[in-house]
Every structure is written in C-alpha cells, then in structure tokens.
Amino acid sequence: MKRRTRARKAGLPPGSLVHIGERQVDGARLSSIDYSPDRFVTRTIADLGELDACLGTDTVSWIDLVGLHDIPLIEGIGKTFGIHALVLEDILNTDQRPKVEVFDEYVFLVAKMIRPGEGDRAGSIEIEQVSFILGKSFLITFQERPGDVFGSVRERLKAGKGRLRRSGPDYLGYALLDGIVDNYFVVLDHLSTKMDSIESAVLDQSDSLVNHRIHRLKHDLLMLRKATWPLREIVSALIRDEPPQVAAESRPYLHDLYDHTAHVADTLDTYREMLSGLLEVHFSLVNTRMGEVMKVLTIIATIFIPLTFVAGVYGMNFEHMPELAWKWAYPAILAIMFSIAASLLVFFRLKHWI
Amino acid sequence: MKRRTRARKAGLPPGSLVHIGERQVDGARLSSIDYSPDRFVTRTIADLGELDACLGTDTVSWIDLVGLHDIPLIEGIGKTFGIHALVLEDILNTDQRPKVEVFDEYVFLVAKMIRPGEGDRAGSIEIEQVSFILGKSFLITFQERPGDVFGSVRERLKAGKGRLRRSGPDYLGYALLDGIVDNYFVVLDHLSTKMDSIESAVLDQSDSLVNHRIHRLKHDLLMLRKATWPLREIVSALIRDEPPQVAAESRPYLHDLYDHTAHVADTLDTYREMLSGLLEVHFSLVNTRMGEVMKVLTIIATIFIPLTFVAGVYGMNFEHMPELAWKWAYPAILAIMFSIAASLLVFFRLKHWI
Amino acid sequence: MKRRTRARKAGLPPGSLVHIGERQVDGARLSSIDYSPDRFVTRTIADLGELDACLGTDTVSWIDLVGLHDIPLIEGIGKTFGIHALVLEDILNTDQRPKVEVFDEYVFLVAKMIRPGEGDRAGSIEIEQVSFILGKSFLITFQERPGDVFGSVRERLKAGKGRLRRSGPDYLGYALLDGIVDNYFVVLDHLSTKMDSIESAVLDQSDSLVNHRIHRLKHDLLMLRKATWPLREIVSALIRDEPPQVAAESRPYLHDLYDHTAHVADTLDTYREMLSGLLEVHFSLVNTRMGEVMKVLTIIATIFIPLTFVAGVYGMNFEHMPELAWKWAYPAILAIMFSIAASLLVFFRLKHWI
Amino acid sequence: MKRRTRARKAGLPPGSLVHIGERQVDGARLSSIDYSPDRFVTRTIADLGELDACLGTDTVSWIDLVGLHDIPLIEGIGKTFGIHALVLEDILNTDQRPKVEVFDEYVFLVAKMIRPGEGDRAGSIEIEQVSFILGKSFLITFQERPGDVFGSVRERLKAGKGRLRRSGPDYLGYALLDGIVDNYFVVLDHLSTKMDSIESAVLDQSDSLVNHRIHRLKHDLLMLRKATWPLREIVSALIRDEPPQVAAESRPYLHDLYDHTAHVADTLDTYREMLSGLLEVHFSLVNTRMGEVMKVLTIIATIFIPLTFVAGVYGMNFEHMPELAWKWAYPAILAIMFSIAASLLVFFRLKHWI
Amino acid sequence: MKRRTRARKAGLPPGSLVHIGERQVDGARLSSIDYSPDRFVTRTIADLGELDACLGTDTVSWIDLVGLHDIPLIEGIGKTFGIHALVLEDILNTDQRPKVEVFDEYVFLVAKMIRPGEGDRAGSIEIEQVSFILGKSFLITFQERPGDVFGSVRERLKAGKGRLRRSGPDYLGYALLDGIVDNYFVVLDHLSTKMDSIESAVLDQSDSLVNHRIHRLKHDLLMLRKATWPLREIVSALIRDEPPQVAAESRPYLHDLYDHTAHVADTLDTYREMLSGLLEVHFSLVNTRMGEVMKVLTIIATIFIPLTFVAGVYGMNFEHMPELAWKWAYPAILAIMFSIAASLLVFFRLKHWI
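Protein chains in written order, with our numbering: chain A, -16 to 337; chain B, -16 to 337; chain C, -16 to 337; chain D, -16 to 337; chain E, -16 to 337.
Bound-form chain A, shown alone (with noise of 0.2 Å):
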C-alpha cells in the first residue's frame, strides 16, 4: 500500500482528521483495563458509549487503541474526552514529530517506538508512532500496530505487583515511555552488531561494497535520531513545567527517563562519529591498496621498456652494425640487459619505492 504523505493535506483546513501513514492492521481494536490497588478489569470496548463508564468512575482508566484509519472512532473519542481538533490531527498523522504538548484538561505526548524490522524487513529498523493522552485519570494509547512492548506493562498491571497499581495515569505513562525507551537499547545492541561487523570488514577490505554498508546505516542513524532525539527535550520539558497531571512522586522516574534518553542520543552520535571514522580509513585502505597495485605493476613494465629498446636497437636491419658479427655480443648484449634491470630494481629500492 502507498504511503499516504503530508501534501495530501494542502488545501484542507487545519483540524481536518486524514491519517497519514500505511494502515498496519485490518481493523482497529479499542479495548479499556480499569485498575486501582484492588481491582482490575479489562474490556474490548465495541461502543463509544461503553468509554463514559471510564470517565466517571474512580480508578484509573487505560484506554488503548490499535489502528489509526477508523477516522469516526477517533473522532468519537476525542469528543467523549473533550479533546482539541488539532490533536487529533496530530495523532493521525504518523510523519508526526516527537512532541508533548500541556492543556488544562490533559497532557498530549507523541514519542516513536523503534525495533529491528522481522521477516521481509529483517536489517532495517521500523519506526511506529504512539500517541499519549494523559488526564487526570485516564490515559489514552494510540498505536499503529498491536506491540509487545506494551504487553509486558499489561502483565505487570495484572500481576498487581509493584507501584503500578498503586499509582495515577502518570506512572503508567512513565512505565510504557520507559518501555519503549529501553526498547531503544535492543536496537543500539543491533546497531552495535552492525558497527562491529562492519568495522572488521573494513580492516580486512573483505568487501568492496562495505562503504555502501555503511551509508545504509547511516541513513539508519539519521532516521533514529529524528525519532528519538526530541524525546529528550519532552522529557526535560514535563519536568521542567509540572504540569497537574503529574504527580510529584514520579518527578525521580522522569529524571531517569531523561538520563536514558539522553544516554541514547550521545550513543547515536558516538556511532555516527565512529561510521565516518570508518568510512575514512576505508577510503584510506582502499587508496593504498589500489596505489600498492598500480605501483608494483607499474615497476613491473618501466623495467622492462628499455630492456625491449635494446633488443630492438639489435633486431634492426642496417648491414652495417659491427656488434652483430662478434662472437660474444648476444651473451654480453643480454649481460648488459640484466644489469639494467638490476640497477633499475636497486634505484627503486634506494628510493624505497619497492
């Protein structure tokens, strides 16, 4: 399926809901998890109606939806929960940047999820986008596809164990961004693989195409940057601005979230300064090795250039060439050929050419 790109909306006025993006999955599934220290229950939500029971209630409501086509369902979410055209907008559209944005009623939030393409797209690296709508006791997930990375916060949230129960909508939050925040650091250990491999086959010049290796991952980097470098700054901006929605208690959580998010950038930096290192020593190998080849050929033919002058001076017609006739001219003829080869060989030695 063609992906649907932002000029499809030139011409439309702000607010106008277009999903832009590759529609992941067939249909989208909206399902709800009600918790509080004592309780949880989770619901696959088929009726908008069904969300108004989560709006009054006094546990925390986790609302999730998979699947960003269902243009009306959005649509009726954003009006049960009271939120602004332009958010919406924003979450429909996948070529977002990572960005949070504070209300009165809610904090918006959009970060990207990363991790090694499977199957067909095995070596690259897929981007998903995850909206969040934070209130003050809900908290709403858009995803593009279904994503393990929220399955292991689900089971935690069953298991009752730990803070999450026991906590607001915002810790919640905080433990799915830290989710897809240690996420990152599955695909810097992929990377890492990328980087060793190929750095060896650059030491060994095994493969000649290995720049091309190397400007694919750095097409990789450019793009994980842009996904998760403004993170950093959401971050600093949610600790910085206290907005309500926050609670104080989970400010330590956000400052470590920071210090991964950071420790993930200068990473990506650190690999983008050791791929144009890289990259110059490859370049650097392959001119030496080339220069070698062309030298020693090159020695190979000079030496051999005035040796075939000689024979040729001899293998001419005059009746007149005295040397001819003698009796040791062709060995001393050759004699006198080998010294000019082994003087020629001297001189390039002494002038450390060879």
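If you're looking for bench data, these hints aren't it; they were derived computationally from the structure.
Note that the coordinates shown come from a computational prediction; the quantities given were computed from them, not determined experimentally.
Just to be clear, a hint being listed does not mean it is correct.
Covered, in the sense of this in silico footprint (three residues per stretch, anywhere, with C-beta under 8 Å from a C-beta of chain C), are these stretches of chain B [what the hints assert, rightly or not]:
| hint | segment |
| --- | --- |
| 1 | 76 to 85 |
| 2 | 265 to 274 |
| 3 | 284 to 297 |
| 4 | 305 to 317 |
Using N, Cα and C, we set each Cβ at its ideal position, and we do this for glycine too.
We have chain A; now place chains B, C, D and E onto it with these hints.
Chains B, C, D and E in isolation, oriented as in the chain A frame:
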C-alpha cells in the same frame, strides 16, 4: 525582464518606496472581502476611497493586493491604514528576509510562499513573497502573483462553515499562513521524489552527471532553507510576545503552526545531510569503478610487456645466437612465454589483485 | 606606503594615540554642518577654536573629519568634546573591530564602509573605517578618505526635505549608517555577478584556474564577514540598551537597519556555502574529466600491446618456425590480430568501460 | 565473560536491579572506615547489620563496596541508607553516563575512572565506573574493581595529616574525585606519548599503517570524551546548586576540580584536532609520494617508447629501405635516438616535471 | 631538562605544591616596588620578612617573583599574604589554563604571555605563564622568566607620568595585562608574515613541502588559541562580576582590554580558516599539476604505441608478405605512420585533451 536588485536603493533616503524584484503581473488587482458570521461581501476595489468603508464597519475586512509594482496604490493603502513608511518599503522589497514586527496598531509579517515551478520553469522551485498587515479588524495581504493557495481559504470563507467566519482577522491570517506551510509539504514531497531518483541514479551509476543534479538540489535546499527557516522564529515570536492583535483562542493554532514549520526545517536539514552522504557515495563509487578499470587494463599491459621483451630478444640479428638454430627452440620459447604469463596471473591472483 | 600594524603599539601605555593603517589622504580636512529645520550652515574648520561655537547653539552640528593621520587635531577634538583617550585610540586604529560603546556623554560607534575597488584596485574590495561620536546635539564622524556615501546624505540635508532636518543627530547618524549598509548591497551585487561568472566557468570547465578565483573570492568573503558581521550585534545592542542619545522615535529605523545587516550577514554565509559547493563540483568535474582522458588513452594502449606482442613473436629469427613458410600465414595473422583487437573492444564495451 | 548489555532490561519494570557490564572480581568486598579528628577505625563488613553502627555515631563513615554483581548485598545497603530503587539501578548499570542527582537525604554521583590497561590489555584504556552516595555523615562508594586510586586517600586518612580527618564526608568525596581526575592526567600523558610517536611516524612515513593507529587513537579519544566530558557539568552543577550535603568550605575545592576537568576536556579536544591534522598530513604525504613514484616511472617509460618505435622502424623487413645499406646509418640512428631522449629530458626539465 | 608533567601529581593530596613545567631560570628573584603619586622605591627582597613592610604602608606594592621552582619561597609568600593553598598550586602549575578567581581578599588571575622564539628556538612561539594576585593595596606577579614586557611598565612607573602612579594596584595589573595583550599583536604580525610567505609558496608551487609548514602553523595556531582564548572570558568575568579590588574607574580600560582580546581571538580564527583554504588550494594545485604531467606523458606514449605496432608487423619474418617487395612500400608505411600520429593528435585536440 531583468530582476531589480537591492543595490538600486543605495543613496536613497530610508523609507523610499522602490519595487525590488520581478514584475509578475500586468496590472495590480485590489479586492476586499467583508465578513461576519452572517455576512460575506466580496468587492473589487478600483478607487482607494472605497477602503474607508472597511475601517468603520464591525465586520472583518480582508484586503488583498496582487502585484507590487503600483507604488502610488501601495502608498495610498499605507496612508489609509496608517502604516509606517519603512513597512511599506519592506513590502515592496521582495528580497526581504521573512520577519515579524509588532507595532501598536498592527502586526507586520513577511513570509515566503514556495511551489514547484510550472511550464518552462518545471523542475525548479518558485519563491514568492507574501506580506501581512494584521490590525484589530482587518487583514491586508500583499502578493506578487494571484495564488491558488489563498483560493482554498476564500472558498472556505464563502462556504461559511468551520471557525473561519466566526473568528477575527488573526484566525484568517493563521489560516492563510497554514495554507502556505501546507504547501511547503507539497514541495518537500517533490524534493523527496527527486532525492529517491538521485539515490537510485547514484547507486546504479547510471548517470555520470548525477553530481550536477546533486549540486542543483543542494542549491535549491539552500534557497528553501533561507525562505522557510525564519518562519519558525516568527511564529515562535508571535507565541512569546502575545501581541494584542492575536486572540488567546488562536494560541493553540500558532503552536500547531510552529510544529509544522519546525518539521519543515528539520526535514530540509535531513535532506541536506542525506545529499552530502549521497555525494560521498557517488564519488567513492566513481573512484572504485575507475580504479577497477585502470587495474584490469594495467594488468593486461603488464603481462604482455615481458612477453614482448622475450620476443624482442629473439628478434635480434646477432650472428652468434645458438638458440636460433635449435630445433625445438620456437615451441620452447612459446612455452616459456606462456608460463611467464601464467605465473604473473597466479601472482596477481595470490595478491588478490584480480 | 607600508601599512602600519598594531604591533607598533607594544610597550606603549594605554591611550597612546598612534595611527594604525595606511595614510589615505594628503591633508586632514575638518568641516562642520549646523542645521535645524530652518537653518543650514556649512563650514570648513581650520582652527579648533571654531568648534566651541558648535557646542553652545541649539542647532544640530555634524562635524566631519577626513584623514586620520593628524594626531594633534584629533587630540584637540577629543579635548573639546571630552572624549576618553581610549576612544581616540580606537578611532585612530583602523585595524579595529566594529563595535559600539555607550558612555554617559556620548555613544561611540565604529563601522566599516566597503566598496568595490576602482582604478588599479578593480576587482578587489576596499574596506574603510568610519567612527561616529554621537552626543546630545552633535555627531562627529571620522573617515579615512572623502566618501561619496556621505555625499548623498549631505545633499538631502541641504535640500531640507524629509525627516533629516527635523530630527536630532541620532537620526543623522542612522541615515549615515543606513547609507553605509546600502552600499553593502552594492558590494553583494558585485559579488553575486562574480559568483555567476565563476559558476558558469566551473560548469563549462572553461577556466582551469577557476579554483584560484574561488579561493580569492572566499578570502574576500572572509574579510567582508569580519567587517560586516559585528554591525548586527552593534545595532542590536543599540536597540536593547536604549542609550539616552538615541530618541525613541528612531527605534523603528534601528530595527530596519538591523534587518538589513542581518540580511547582509545571511547572504554572505549563503555565498560561502555556495562557493564551497562550487569548489566541490569543480574538483569532481576535473577528476571525472581527467579520469575519462586516462581511460581512453589506456584503452588504446591496452589494445595495441597484445598485438605488438604477436608481431614480435613472428619477428623472431628462429630457424625452425614452420608458420613462417605457410602461404596464408601473413593474412591469417593479420586476421587474428584484428579479431584480438575486436574482442578486447567488445569486452570493454560489455564492461561499460567505453 | 561476555559483557551484559542494557538491552537485557527491556520489558523489566523500572527499578529492577540487574548488573550490566562485566563481572570484574570474584567476591564482593564491603569495608568501612569510621573517622573523626581523633579516631580511625577500619573494618571489613560481613553482615549488613554492622552498617547500622555507622549511622548512629558522630564520626564520618566511609563505606566502600568493591564488586557490583552481589545484588542482594546492594539491595541491603539501599534499604539501610534509604536509597531510591532507581539510584541502585544506576549503580549497577556500568553503561551509565556520568551524572549527579541531588536528593533530600543524599547526593548521588557517578564518575568514570580511567587508566592505561595493564598486562594483556596494554595499549588500551580501561574505564571503570565509580558511584558515590554522599550523606550528611557518610560516604558510600561503589567500585567495579579494587583500585589503587582510592588507596592513596586511605593512606592519607590513616596518617591523619591534612584537612582530610578534620573535614566531613563531602571533603572525602572531593579527595576521591580529585584522585580520579588526577589519574586522567596520567592517561593524558600516556596519550601524549602516543601522539608524539604517531606524529614522527607520519612525518617519516616509516609506518604505512599509521592511519590504523590514528583510527584507534581517535576511537580511544571518543571513549574518553564520553567518560570525562560530563564530569565538568557534574562539578559545575554541584557548585551552582549548593546541596546541603556539601559544606561551604568545600566550594574552592570544587572550583579547583572544575578547572581540572575543564582542562582535561580541552586537552582531549585539542588532541582530536591534532589527530585530524595528522591524518590530513599523512594522506597528503602518501599521495605526494605515490605521485612522485608514478611520475618518475612514467617519465622513464615515455622516453623509451619513441626510441623503441625508431628501432622498430629499422627492424622492418622491406626490401627497399635505402638507409639500411648506408655505412653510417647505424651510428647515425643511435645518435638520433640519443638526441630524442635528450630533448625529451630537456623538455621535461623545462616544464619542471623532473 | 625534561618537562615535568601534571601526571606527577596523581596520588598527592590537593594543595600539594609541585612545580610543573621547565625550570627557566637559575635562581628565583623576588623584587618589590612601592609607589604612590610622590614616592617610588624599588627593592630586591632576600628575606621574606621584608615583605611585611609592604602590607602596612598606604602606598601601592608591586611584588614580582621571577622563577617558579623555589617552593619554600612561594609558600612563604602565600603565608604572608594569606593565599589559599589551591591558588599556590595553580601558580606552580604552568600547564594551567588561563582563568580568574575572585576571593574575598584578593583576585587571582592566570594569563599566558606569548612571544616569537629567539636564538635556537627562532620560528617557534614561546608561551610563558604569568599569575597575578591582586589585593586592595598590592599586586603580586609570578613569572617563569625575566620579561621585557613588564620592563616598559616599570619604566613608565619610574618616570611617574600618566595615570600609573596615581592609580591603585588594579590599574597596574591592567597595564601589565595590556602589555601582554599588546605582545599578542606582535606575534600575530609574525604569523601574518608567515601566512603571506606560505600563500606565495602555495600559489607558486615553489615548495613541495609547504603542507608541512601549513601543518606546523596550524599546530601553533591551536596552541595560541588555547593560550589566548580564555583571556576573553576572564576579562569579561572581571567586567561582569565587579570585584571590589577593581575600582570603577578601571572599567573602561577593561572594556578596551576585552576588545583587544576579542580581536586576537577573531584574528586567530580567521587565520585558521585561511590556512585551511590554503591547504585546499595547495592540494588542488598539486593534483592539477600531477594530472597534467600524467596526461601529457600518456599522450606521448599513446601515439607511439600504435606506430610501434605497425613497425612490428613489417618486422615479421613471414616468407609470403607481398608488401615487403613493393618499391614504395617503405615510404608509404612511413606516410601511413605519420598520418596515424597526426590523426591521433587531431582527435586529442578535438577532445580538448591537449
């Protein structure tokens, strides 16, 4: 028509009205739209006196001027709305950097509209300057050419649906700017296609002049960056300074606009980095290819040069060359030549040169 | 005349008045203009005592000194107007970085005037230092050479139209600075023409020394950047610090000036980037071209070397070479040679080398 | 032993204690030093209960843990001193970026100790993580391996001279950090020697693989930069934020520490720039050398090729070649050949090619 | 004498006095000057007790120490004037980064004096550390070697003219710093001459090792940048922080000093950019030149190779080669050869290769 450059103004007093740039239309066209939630009147204005009507009413007036060469007309507009001479000077100067200036009575904003060239300018990017004067109850726009970007806003205004008719001139200005920025994404799409085509040309090495194309695209990116980059600061200044002409309800829209402009700026930078990477790959591929050609050719030459020397030796005319009379000398020499060639090939092979 | 450099001052106490730079005129020329809305008196001042007259009147006085080598004269001016010794030192030092300093009694400002060289300096850029001392009722300007930039302001002042005669010395200073900045655009135009000529020389490869020209232009841009870049900060400091010598009505003019200086700075940077791009293109074209030459030549050589070897074989003088006696041997060998050449050509063609 | 990477933690809840890095010692060793001006007691702690004694006394306690793999032990320490789970997580994660975090009860600080590798790691740089927990009356340090850097502080503490025994745990922490930073200078010295050796290898062109060495050193510098650079910000944050755990008397020492870290950072950057310069010089020298080789060789070939042609002409077997019968033809031709070679040499000389 | 490096200090407690650097003089020399508007007493101090006299009087005392290896002497000065141990440590460490530190009782400042090397160090730049301790009524300076820079200030002080005798120790400190910065300009002049000589060597291609010279000069610039760059921040900090030891009247002088240091920093950066440009030009010229050589040589070879082949054909010994017997065959073949050479030359000419 020759482009008029800013150098024409050296020696003139500040505030001198001189049109800098190309004249794009034959006659300047001034039109106005008066609207309120229940009113929509569109007029073509021939006489400046008609403008006074706009100032007194409690409707919102959008005055649109297409064509910047009619200096008395612009002077008249300036006098009617009390606009500073330096502002008028900036409107006429299409070599102007995008900027915003907040005055007590109005906000002055310059932006650049970009679009893919059409007709005989296809392949290039066209940049047009649009200036806005935003007052309490009016918005004046100055364009170089009649533009279809503003057309869609005019249609929405006429249809009367959405926020447009219910809001003040600040929302109208936002809608126009949003249309301009939406168009940036159309151009980005256009560039993205060009990038893909260049990338495959680089990787296939099918186009020996691909570095020219990269050079032209880099140049275009430089121009676009100059045109779009300042818009980010402009929107950010409008958000920060909260001029009275911009209602508080319009703030979220400005935030949205800011995100879009930031996205455009980011994407342009990413493209620039990708282009530089492509150029590097191109050069390395060209070099590798050339090196391979030279290597193979040199190897062929190198093998035959010693053989030719041997043939030359036995082409010498010495009287006393006993080998010449031997019966098997000729096939023996041919065998020796063959083995020289073979051992050189084996040597090259062992050295991994072929 | 040798340029005097700053190193001459090592060991002298601070505030020592030493002229650094080239002496540009024969004699220093001091003149004054007294003006008010209804008065315009121009004088050439021979004796410093005449300056006292300027201080007492309620008119605005513009005192203009051309030529910086007459140190007692400048010391006299300093004493008359109470100017700090370090300021006088800076005025004399034409190797001075543009800057502004606000004192209680006056504002001191140094700017650089640039213009395309004339006569035997054609093609180069000339940089001249202009210093301003702006007091409550006077403006003193110090130039190295008589300049036509100030001429146009003098004309306007004489004509008495516009704001100039009605405003204070701050507006006069602004008008002079504006004239200087307007001249920057003339130089930018000049550079733009040079850039175009270099671009076409690069793309046509018509000038093998185009990299020299790029080098010189880069050097010029570096000099211009040093001369013009600080002016932006200077104007920005004047806007921010609001010195009492600058009336509030002059602010919009300073904003305008700021935009112009920012535009100049931007354009210089864009030119620098474009030049670097052109240099890259030049090198790649030279390389491509050289590579092509070498390739074609090497191919010619490579085809003939095996053929020469074959000819060499049948030029050997062995007694027992049965082929030599065959009747069709000669045409057969010619045919073999032809087919060797042809198959090499086909091989090169298949490899896309020719 | 395989290094454990951070990717292991994906899917675990925040605050999960997992040791990331290599296990460096066999058993974890926990020891404590209690000191006051007139007291110095050192203990090896086997049972965590003994730690309670440290908390109640009015002496300063330094608790030192070597070995990070004993997770229950670290959990116990965390419980005894009331340390946040996220802090413990960071202590265990040796892939942690240096940082400081100020809590109400304690200050948490992570730094990197670096030293030249020993034994079979000679030539490389070893990086070890050291964490500090600074409370009102105690300092806890966590090391990966037993380190001689802390040994010298322990000696001074035992000797009881200087400020160390009279001051609180903040000065002890400073002294340890200072020891770590002093060790940075040892590594810088080590690097400086390497740089000198590389520089002479580059200038002599004695080592054709010097670019490998430059590459490795660049890689080391990148690692060191990552380890040492954040320390500057950390010390600067401690100075700026004035946490209550750091006494005012310790400020000058922190300033001094800041200067040292800034000096290290500066020196690393200078080294990087110098290495890049050396790489450039290396490439240019290799190129120049290769170019000279090729030139000389090509000149030799070029001189002999026309001569061989002349010899070839007189080796033709035409019946009607009158020159062949001339008596002085042979010496004449030799003379001609000689003069061809001589004029080519003169031509090359005039062109400054040889 | 081997340079002592900072690594010596690893393991020593903070505040340990160790001289780092080369010992530059045989014996340390301590002298003092007491002055007031009507007093000027100069003394050589042998016993530290004489210093107490300086502290009590109402004159200004300038105490100057030349030679940093006499650690007991420096410890004595520190005790007499109450200087912090860390400050004394910094004074002894000539590998110190320039910095300023404001204490309650005094201001501590480290700067670097630079000058062109003399004698057997000619061509290099010498860097010497100078430390200042500025109290309310005294200034202590610490130099590595006796310097003629301070000599001129001492002369002016003795002569008693100008502000120097009338002002406090802050103005004296300024005058000394100003002398140091003035000397920077001498070195800049020196560098400028070197740059010019390198530029002409590059453009004439008269020096094949010019890239070595560029490399050395780049290295010098890097060192100078490290020595001079921080001085700008130091002066700026003095202006901003307004320490009580610096009188308000000295502010304009500090501003002036700031401008000078900024000018030096700017110029060094400009030089660096110019050097990089020169290096690029050098490489491009070397490449162009080498390419031309190779091209001409290859063209000569290429023309003769086909001719030699033709000669080789008619040197074959086949019995049935009818052409050999033709009467005009020889001149015909010569004509054919000539025309082959001519057409190749025409072809190369048409392709613009020659």
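- prompt: Against the structure shown, which of the earlier numbered hints fail to hold, in ascending order?
  reply: Hints that this structure does not satisfy do not exist here, as all of them hold.
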